[in-house]
Amino acid sequence: DAGVIQSPRHEVTEMGQEVTLRCKPISGHDYLFWYRQTMMRGLELLIYFNNNVPIDDSGMPEDRFSAKMPNASFSTLKIQPSEPRDSAVYFCASSALSTGGKSGYTFGSGTRLTVV
Amino acid sequence: KQEVTQIPAALSVPEGENLVLNCSFTDSAIYNLQWFRQDPGKGLTSLLLIQSSQREQTSGRLNASLDKSSGRSTLYIAASQPGDSATYLCALSTSGYSTLTFGKGTMLLVSP
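Protein sequences appear in the order of chains P and G.
Quick note: the first sequence uses our numbering, first residue 1, plus one each step.
Quick note: the second sequence uses our numbering, first residue 1001, plus one each step.
Looking at chain G on its own, in the form it has when it is part of the complex (with noise of 0.2 Å):
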């Protein structure tokens, strides 16, 4: 059964900072992966999405990795602002018909 963990749990850094969120999952053999950021009370939406057979993913100040061989992805949030303050998920699937596995999410906290 794919396990999908995501450290650290909660990080709080000063604006300005590059940072970097970790995904790790024990099952290589995966069809994408898609990280997504949830504000308080809010849904989910998607930042990036990364397919098995590519190595990354660029979006404005974010870039993702993926790393199969590893087991890891990682989301790097370059000169973080204040507004980037959110909880981070990573979520794969297995195949292109099977449904997403979520970590439990970093809650970011970006301080002024």
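So here's chain P without its partners, still in its complex pose (with noise of 0.2 Å):
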């Protein structure tokens, strides 16, 4: 298996500008979460989903972040409109929950977002 994989891996963007980041998650997990990490708060649990249905989402800083898990394989997180504090490092993981949580995590490389 290819792992959590996260797109763009960098991202510079505009004030103002939407801006989208794109997570596959690893096949047969079932539990998606999305994370984000600063220097000051280290890492923030921002949304997961169990089954592509988004569970808890109090985590999303407000309501310019939106995220959706279209299907297994897929998941987004949406910046609108975009704000130079919402650069950082946000991580995409994955893991088998349903198993008992056995297995752990497992994490995307990340995208950094730097917004100008």
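Since the hints were made in silico from the structure, they are not lab data.
Distance condition first, Cα-Cα at most 25 Å in a straight line; then the derived DSS-like pairs of lysine-lysine:
1. P:Lys24 x G:Lys1042
2. G:Lys1001 x G:Lys1068
3. P:Lys78 x G:Lys1042
4. P:Lys68 x P:Lys78
5. P:Lys24 x P:Lys68
6. G:Lys1001 x G:Lys1104
Put the two chains together into one complex, using the hints given.
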């Protein structure tokens, strides 16, 4: 398996623009998570899905953020409009928690977002 | 709310030393605990996963222990090498269906 695949690896955009981050989880994993990492706050959970259904989005900072999972092999995180304070590394992770969480989590390589 | 603390925040050691990284948590009702490694500008690589029923896990030069009663986990690295330089993150879940709560990590530098 190629692991969790995220794209793009780097994104530089101007304030006010829409940004879409993409994630392909590991095949067979039924949980997908979006995390954000900053120097100040470390890794924070934004939202997670189980079987393509959003379970907890309480970590999404504001309405400018939205996430979808149209099928088991694809998820997007969208920021519209983007702001400089959104600059961070965004990670996607997947897990087969339905097996009792024994496999742990697998993370993608992340998308480094810079909003200027 | 579960809180995870990692001490020290940064550590610098000469090559060859054995070292211990610490992770403490406030709620002992954990399901499992995972240690990750993160290289600069890279993603997270899982190193070791300890289930709540286990006391330790070993992989090569790495050994992770778990003591739920005291709310602590340690990652022991034997005979450190410059290639071990990275940030090490501890994360835990409180159920088989809950999300991971991360510590802020320990940045390790191993000098040749």
